[in-house]
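S.K.: If you read the sequences in order, they're chains Z, Y and V.
According to numbering that gives the first Met the number 0, the first sequence is numbered sequentially starting from 0.
According to numbering that gives the first Met the number 0, the second sequence is numbered sequentially starting from 0.
According to numbering that gives the first Met the number 0, the third sequence is numbered sequentially starting from 0.
Because the hints were derived from the structure by calculation, they are not lab data.
Check each hint, because a few of them may be wrong.
Label pairs and their calculated CB-CB ranges [as the list claims (entries may be wrong)]:
| no. | chain 1 | residue 1 | chain 2 | residue 2 | range |
| --- | --- | --- | --- | --- | --- |
| 1 | V | 12 | Y | 120 | 51 to 57 Å |
| 2 | Z | 85 | V | 252 | 30 to 36 Å |
| 3 | Y | 134 | Z | 4 | 41 to 47 Å |
| 4 | Z | 243 | V | 45 | 40 to 46 Å |
List of simulated lysine to aspartate or glutamate pairs, DMTMM-like, C-alpha gap at most 20 Å [as the list claims (entries may be wrong)]:
| no. | chain 1 | residue 1 | chain 2 | residue 2 |
| --- | --- | --- | --- | --- |
| 5 | Z | 245 | V | 121 |
| 6 | Z | 7 | V | 121 |
| 7 | Y | 86 | V | 178 |
| 8 | V | 229 | V | 302 |
| 9 | Z | 49 | Y | 101 |
We put the beta carbon where it would ideally sit given N, CA and C, even for glycine.
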Amino acid sequence: MLYWKYVKILFKSQLEYRTSFILLSIGQIFVPFSVFLGIYFLFQRFQEIKGWSLWEVALCYGIIHIAFSLSECFARGFDGFSRLVISGDFDRILVRPRSTIVQVLGSQFEFTRVGRLLQAVVIFIIALAKINIEWNVLKILTLLMMIISGVFIFTGVYMIGATLCFFTIEGLEIINIFTDGGREISQYPISIYKDWIKKFFTFVIPYGVVNYLPLLYVLDRSDKVFYMFTPLIGILFIFPCILIWKFGVRHYLSTGS
Amino acid sequence: MRSYLVLFQMRFIRGLQYRTAALAGVLTQFFWGFMYILIFEAFYASSSTPQPITFHQLVNMMWLQQAFLALIMLWFRDSEIINQITKGDIAVELLRPIKLYEFWYARLLAQRTSSALLRFLPILIVASLLPYPYNFVLPPDAFSFILFIITLVLGVLIVVALSMLIYISMFYTLSGTGSILIFGVIGEFLAGLIIPIPLMPEALKRIIYFLPFRYTTDLPFRIYVGNITHNEAIISILIQIVWIIILYIIGKLWMNKALKRLVIQGG
Amino acid sequence: MIQVEGITKTFQVAKRNKGVIEALKHLVRREYTIVKALDNVSFNIKQGEIVGYIGPNGAGKSTTIKVISGILVPDNGTCNIIGYTPWKDRKEYVKHIGVVFGQRTQLWWDVPVIDSYQLLKDIYKIPTNVYQNNLELLTETLELKELLNTPVRQLSLGQRMRCEMGAALLHDPKILFLDEPTIGLDAVSKKAVRNFIKTINQEKQVTVILTTHDMRDIEELVNRIILIGKGKILLDGTLDEVKLKFGSEKTMVITYSTQFKPFDFPIENINGNQLRFMINTNKQSLPQIIDKVSEYVQIEDIDINHLPIEDIIVKLYKEYQL
């Protein structure tokens with residue numbers, strides 16, 4: 000498929016800068032790890048947060064960070080989209096007979112995020128080891144869907160952020176509230192927050208369906224089997240995002256750059 | 000000296016011109032402050048033992064951290080300086096009758112100050128309008144406020160000196176990113192920006208008190224909320240001054256060495 | 000095959016004034032000016048033509064190119080290019096066009112050229128045998144053999160431009176848009192690029208639309224000129240027509256031996272025994288001019304130079320107050 004050919008060519012490009020690549024990847028391990036370290040110390044002091052223990056939160060943390068780093072890798076083209084618009088390379092994309100989404104996705108692939116991915120996977124595994132869960136196939140499936148769903152949600156938010164670039168070049172960091180901010184918030188199961196936050200992150204940008212409801216199911220805090228399917232809602236989130244993107248492209252076509 | 004002031008002014012005015020960026024920055028920081036507060040609230044609610052810092056004090060510290068972020072973040076990226084170092088365009092700078100260390104120092108200081116000045120007031124004003132216990136309040140007494148200002152200013156001088164060390168290290172690594180990321184993260188952790196220092200385990204606290212990082216943010220803000228006694232504050236000011244001198248000397252010496260090496264190697 | 004009719008496009012541009020007070024005002028309220036980039040632009044181009052699209056900066060050249068390449072929707076007007084309306088049938092339409100931007104590259108920077116070509120093959124879904132044929136042809140004509148395995152960032156500008164040309168033609172486009180293709184190139188590369196354009200135009204009947212400030216490009220390649228200024232089409236004709244209309248002025252250089260009387264007509268330059276001045280063959284025939292000059296000097300040799308295209312264009316701009 001075309002997208003993987005883009006990834007291949009980008010990987011070859013990155014290999015040209017080997018040392019920088021390695022250093023950045025290592026740095027990418029440190030940044031989120033320091034956050035986890037902070038959480039670890041906080042738990043030493045407080046023992047629990049609204050009924051959740053350290054390793055339960057760590058599981059949530061692991062899932063969200065895996066989803067986030069995967070989407071950072073894949074959807075980097077949307078994350079750094081302003082670069083394409085400013086340089087005029089988006090015009091180049093429009094002159095090619097392919098979908099704009101595939102081309103933007105293929106314009107960048109941030110391989111160094113593998114650092115964050117690694118530390119997330121490590122924490123994820125340790126958390127699973129430390130919690131007593133009665134495992135069955137459905138729960139493993141749920142965990143998988145949680146991750147996939149998270150990737151779709153983050154990618155969708157990146158897409159919306161990129162669409163903003165069609166309307167303004169300034170003030171784009173706002174979207175970080177929903178990407179980085181969304182990640183930091185959903186590191187903890189959203190039940191720890193106030194009501195209106197829970198609602199926002201369930202119904203508007205549905206991180207909650209990734210980190211809370213299915214988590215209840217996996218950790219046997221709830222016997223509602225239907226909770227394992229809520230991540231699918233997260234996957235659906237991408238569709239309104241695609242519509243918003245197409246709207247943005249239409250606007251760009253009528254106003255130029 | 001005059002030229003550094005002029006430089007400061009120029010950069011300052013330039014920084015004031017980024018309107019939408021400033022607004023977006025304010026909103027973003029407000030959000031982050033609020034988010035941390037909510038997380039801490041959930042933690043505090045889960046335990047009944049009294050903590051080294053009250054929730055309301057912590058809330059105020061969060062607001063101060065966000066409001067003055069530009070003044071306390073360890074790594075403040077200046078692309079021009081980075082380019083000059085990595086591409087060896089130093090020749091231009093060295094031909095001018097200025098001292099490079101002071102030149103860059105003034106420039107970094109100005110950028111941070113203008114960035115902070117644009118943002119701190121809106122954040123604090125909105126924060127003060129929130130209901131208790133989220134609201135931002137004035138310090139317990141006027142003397143605390145004075146100590147706060149002094150320690151904040153000294154803290155900024157320390158953090159810029161620290162960031163200068165990172166820039167100087169780039170003469171050797173010739174890279175703008177990877178190693179800086181690591182230093183920046185470690186430095187911010189040790190300054191209490193990832194987890195507030197009062198909430199850290201005791202053993203870790205002892206190490207942190209030996210390092211300069213906490214004197215940029217932990218110190219002034221805790222003075223403001225009244226979590227540090229006046230006596231301790233005054234002693235800390237002396238320690239700050241010592242750190243400034245040490246970092247300045249190390250910075251100048253190291254930079255001279257790096258520049259000599261550059262000149263010998265031919266850039 | 001290219002029919003453009005009554006295209007109009009206006010833009011809103013935010014005003015930015017200087018000074019601190021203005022900057023503060025800008026913080027509160029934005030002011031806009033309305034710019035009419037294209038005003039009732041119409042032209043027809045047949046298959047196989049090479050058209051030079053010229054005009055001063057800001058005249059509307061790039062805006063026109065954007066409209067006819069389908070990436071900008073005009074406010075008014077119609078466009079029928081090889082049966083498509085560019086902005087409406089974008090994905091289908093762009094399969095048949097190739098674009099070369101002089102300044103920006105469409106190749107991937109850090110990998111060998113051939114890798115970029117491979118990816119373009121996949122993007123344009125070029126059948127393998129067609130791709131191979133085209134690749135061979137382009138490699139030969141543009142002399143790309145040694146360049147194909149080099150990363151683009153290591154190529155000189157001239158080498159890169161040759162690879163860009165190749166990239167733009169891999170998918171057999173019917174129309175080629177060239178935006179300042181020879182800008183910044185050395186003389187040898189310019190010649191190579193121009194030759195190439197002429198060749199593919201002749202062999203594959205590719206229609207070429209060329210925007211350029213380099214008048215040699217015009218002279219060597221173009222058989223038709225469209226001049227746009229302040230959003231309006233001011234001139235549309237063959238190069239010969241333009242030369243005829245504005246090129247009747249020439250420079251005459253007379254080498255002489257003896258001077259009979261002082262010169263009382265405007266002359267450009269006297270260098271030793273060479274006299275240089277402007278003549279207008281529309282106003283006086285050559286025999287008349289030579290007769291006249293013989294009254295002043297003993298003519299030994301005559302040299303007549305056509306007014307270079309550059310000067311013709313300058314005169315054009317002046318005439319239209321651009």
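S.K.: Are any of the numbered hints broken by this structure? If so, which, sorted upward?
M.R.: 1, 2, 3, 5, 7, 8 and 9
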